[in-house]
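Colleague: Add 1 to a position in the sequence shown, counting from 1, and you land on the number used in our numbering.
If you are wondering where the hints come from, they were derived from the structure by calculation, not from laboratory data. Only a predicted model underlies this, so the values are computations on that prediction, with no experimental measurement involved. Check the hints yourself; a few may be wrong.
Listed below are the simulated DSS-like cross-link pairs for lysine-lysine, each with C-alpha atoms no more than 30 Å apart in a straight line [stated by the list, open to error]:
(1) Lys-49 to Lys-110
(2) Lys-132 to Lys-164
(3) Lys-49 to Lys-87
(4) Lys-164 to Lys-110
(5) Lys-87 to Lys-110
(6) Lys-132 to Lys-165
(7) Lys-110 to Lys-165
(8) Lys-81 to Lys-164
(9) Lys-81 to Lys-110
(10) Lys-87 to Lys-132
(11) Lys-132 to Lys-49
(12) Lys-49 to Lys-81
(13) Lys-81 to Lys-165
(14) Lys-165 to Lys-87
(15) Lys-164 to Lys-87
(16) Lys-49 to Lys-164
(17) Lys-81 to Lys-132
(18) Lys-49 to Lys-165
(19) Lys-132 to Lys-110
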Amino acid sequence: MKMFHVERKRVGRILTGLATVVMLLTTSCATMRDRDTIPDYVIREGGKNVIGSAPLNAFIFEDTRQDVYFQDFLTYRFQKNNMAEKVFEVDISGSRFRILLYDAAEFEKYFRTSDYIPTVTVTAGELNAGKSRFVALSMVDASNQDCLSDNSLWLATATQYLKKLKDDYLSNARS
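Make a model of the complete structure from these sequences and hints.
Modeller: This is the structure in structure tokens:
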């Protein structure tokens, strides 16, 4: 009596295995994007557009507070009635400016959260579970000119004002 022997298709398994290895190597060896930490703040190009201007620059900092959102801080500070307000008017040295706040979705759209490395570990709680780790602000003058542009006469004033605002927010954190 003759027995027959069934062999598995080895070629198909070998090709599948090779394809998997090649795919793993090409995706794992892909170049990593540069990621930055933000020790104090950075100013980045490519933010929102306002009427009559190119994309705005933004003042970006890491939000290390766990007890309150930056938007709530601004709403209280500028005595707004709407907690969803994202545009805040200020007077500095007799001139009128608008601060434009980026919400989490806008921050992701214009600056990508994955480009930045958080420097402080924040535990997720009920209050801050959906809270963005970074805050971005743009500032324009009365004629919608970007105050954070390298060409702006207001660059030093705007940067100083936004840094003070950031420092006030972060210094009032509850432990």
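Colleague: The structure should be examined with respect to each hint, and the outcome stated for every one.
Modeller: Taking the hints in turn, this is what the structure says about them:
Taken as a hint, the Lys-49 and Lys-110 pair is honoured in the structure, with Cα atoms around 10 Å apart against an allowance of 30 Å. Only pairs whose Cα atoms come within 30 Å are accepted, and Lys-132 paired with Lys-164 is accepted, the gap being roughly 21 Å. Between the alpha carbons of Lys-49 and Lys-87 the distance comes to roughly 12 Å, so the proposed pair stays at or under 30 Å and holds. Distance hint between Lys-164 and Lys-110 is fulfilled; the C-alpha atoms sit about 23 Å from each other, no more than 30 Å.
Restraint check for Lys-87 and Lys-110: satisfied, since their Cα atoms lie roughly 16 Å apart, inside the 30 Å limit. For the hint linking Lys-132 to Lys-165, the alpha-carbon distance of about 22 Å falls within 30 Å, and the restraint holds. Between Lys-110 and Lys-165 the CA atoms are separated by roughly 26 Å; this keeps the pair inside 30 Å, and the hint holds. Between Lys-81 and Lys-164, the direct Cα distance comes to roughly 21 Å. Compliance with the 30 Å bound is thereby established for this hinted pair.
A threshold of 30 Å between alpha carbons decides the hint, and for Lys-81 with Lys-110 the separation of about 26 Å falls inside it, so the pair holds. Note on Lys-87 and Lys-132: the hinted pairing holds, with a Cα-Cα distance of about 16 Å set against a maximum of 30 Å. Between Lys-132 and Lys-49 the alpha-carbon distance is near 21 Å, which keeps this suggested pair within the 30 Å criterion. For the proposed pair Lys-49 and Lys-81, the alpha carbon gap of about 22 Å is at most 30 Å, so the pair holds.
For the suggested pair Lys-81 and Lys-165, the alpha carbons sit about 20 Å apart, so the restraint of at most 30 Å is met. For the hint pairing Lys-165 with Lys-87, the CA-to-CA distance comes to about 19 Å; that is within 30 Å, so the pair holds. For the proposed pair Lys-164 and Lys-87, the alpha carbon gap of about 18 Å is at most 30 Å, so the pair holds. This hinted pair checks out: Lys-49 and Lys-164 have alpha carbons roughly 20 Å apart, not beyond 30 Å.
Pair hint Lys-81 plus Lys-132 holds up; C-alpha atoms about 21 Å apart against a cutoff of 30 Å. For the hint linking Lys-49 to Lys-165, the alpha-carbon distance of about 22 Å falls within 30 Å, and the restraint holds. Restraint check for Lys-132 and Lys-110: satisfied, since their Cα atoms lie roughly 16 Å apart, inside the 30 Å limit.
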